[in-house]
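Chain residues, written in single-letter form:
There are 4 protein chains.
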Amino acid sequence: MLHKFPFSIAYADTDAGGIVYHGRYIEIAERARMNWLKEVALPDNDIGFVVRQLNIKYIKPLKLKDSFYVESEITKIGPASLEVEQKFVKDGDIYAILTAKAAYIGKDLHTKPIPEYILEKITKKEG
Amino acid sequence: MLHKFPFSIAYADTDAGGIVYHGRYIEIAERARMNWLKEVALPDNDIGFVVRQLNIKYIKPLKLKDSFYVESEITKIGPASLEVEQKFVKDGDIYAILTAKAAYIGKDLHTKPIPEYILEKITKKEG
Amino acid sequence: MLHKFPFSIAYADTDAGGIVYHGRYIEIAERARMNWLKEVALPDNDIGFVVRQLNIKYIKPLKLKDSFYVESEITKIGPASLEVEQKFVKDGDIYAILTAKAAYIGKDLHTKPIPEYILEKITKKEG
Amino acid sequence: MLHKFPFSIAYADTDAGGIVYHGRYIEIAERARMNWLKEVALPDNDIGFVVRQLNIKYIKPLKLKDSFYVESEITKIGPASLEVEQKFVKDGDIYAILTAKAAYIGKDLHTKPIPEYILEKITKKEG
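Chains as they are written, first to last, in the working numbering: chain A, 2 to 128; chain B, 2 to 128; chain C, 2 to 128; chain D, 2 to 128.
Honestly, the hints are just simulated from the structure, not real lab data. A portion of the hints provided could be inaccurate.
Note that identical chains are pooled: a pair holds if it fits in a single copy or bridges any two copies.
Unchecked claim - With a straight-line Cα cutoff of 35 Å, these simulated DSBU-like cross-link-like pairs (lysine-lysine) come out:
#	residue 1	residue 2
1	K122	K77
2	K108	K66
3	K122	K108
4	K64	K108
5	K108	K77
6	K113	K77
7	K125	K108
8	K113	K64
9	K108	K61
10	K88	K125
11	K39	K77
12	K61	K113
Only chain A is shown next, with the shape it has when bound in the complex (with noise of 0.2 Å):
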């Protein structure tokens, strides 16, 4: 399944080079993931998913007032992690790509299997 959110560049998203500011894309990825999970309650007050790698390619620079969609997809999964791919898309080219690692933690603070529809809603086919 790919989730799309869509977002648009304020000043608090560029820097003084004109551009979207490299840090931020990280946030609006974050932005674009809680969007996905919003309905899901997490049990047994679980953590849920902690960002342990991030990876991220700048292609080509998003600007001031540009409307753009991050598509999200999960591309590993694993017992107690998996890994999501995020693509910054604006009238179908790709501006950046970013890779995180997610662990899943309980309320113990240790990793432990992901909860069985919290699987179910990101992976299904229907979004």
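Using the hints provided, position chains B, C and D relative to the given structure of chain A.
Just chains B, C and D now, kept in the frame of chain A:
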């Protein structure tokens, strides 16, 4: 005219107090103003509105995953400046009120009269 | 007592207007206040100071690579609240003035008197 | 050469998980690089270094009021690009490792050889 901008809180917006970081309201308010003016092209390479003074009153704290509206309204119009009031409203309750005074700046970096069609856009009765 | 906090502007602080983003002054001011209180431990699991109202006047724009001081001073003290004024000063010129009103909050989430030793720390003559 | 940049965590850097927001490490790393190059003037209106790819591994979470160093070191040098490794180190422990690949961009927006005196500044034995 009242402009309504929907927004949802992600981790990026929060702080270790468990609530939305007080500085983030300023960014979200700017995002709402950008959305309001997104179809307005500035003439003559004008710089546009620049915030000169800003006041914000924190009434109740917004939290992670909260969805709400920023309701923006022009409250004063001067020859080369205006005042906008922006309320953070969730389920009918006001969480914060921001007032911003902005000057309109031309490409020569000096204030100049706000173009007529921009005034019309932000003051007309219907949104 | 005047607390001075040195800071330098990076790309993260700027926006596409080529100047420091207006919302960033609020973050930098908070950083200065944290530095002021860094050796002060809060008693009894108190929450501590929470900003209730904030006013900022932008006088001149700070820019990329600018180095300056945030000069903070207590301007009012109430039984359970205080007001701090923070000036952004570069080479003797004031670029922005922020005034924050903060309440002191205990662990029960209600206001309570500011502990005596904290008042002493932030009001004593010598820094 | 190893460049060391001291930093302290304020509320602005944290999130509702009670730790430093994962996106903030990227900003703090940029601040450290700016500090490194603060005395280096770019020639010929060059744009300078632009981050093309970024990888970060989160090992242990930094928290509110933590004071630490960002230790930066050039790990690869190409004709018009370089790779820098940046470690977040508190009390001898590594909390995160960031690797950034940056291209050197001239005023015509194309890559060009990194000026000799900049290479010297960031690769010399003594800091």
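Exercise. Of the hints stated earlier, which fail here?
Worked result: none
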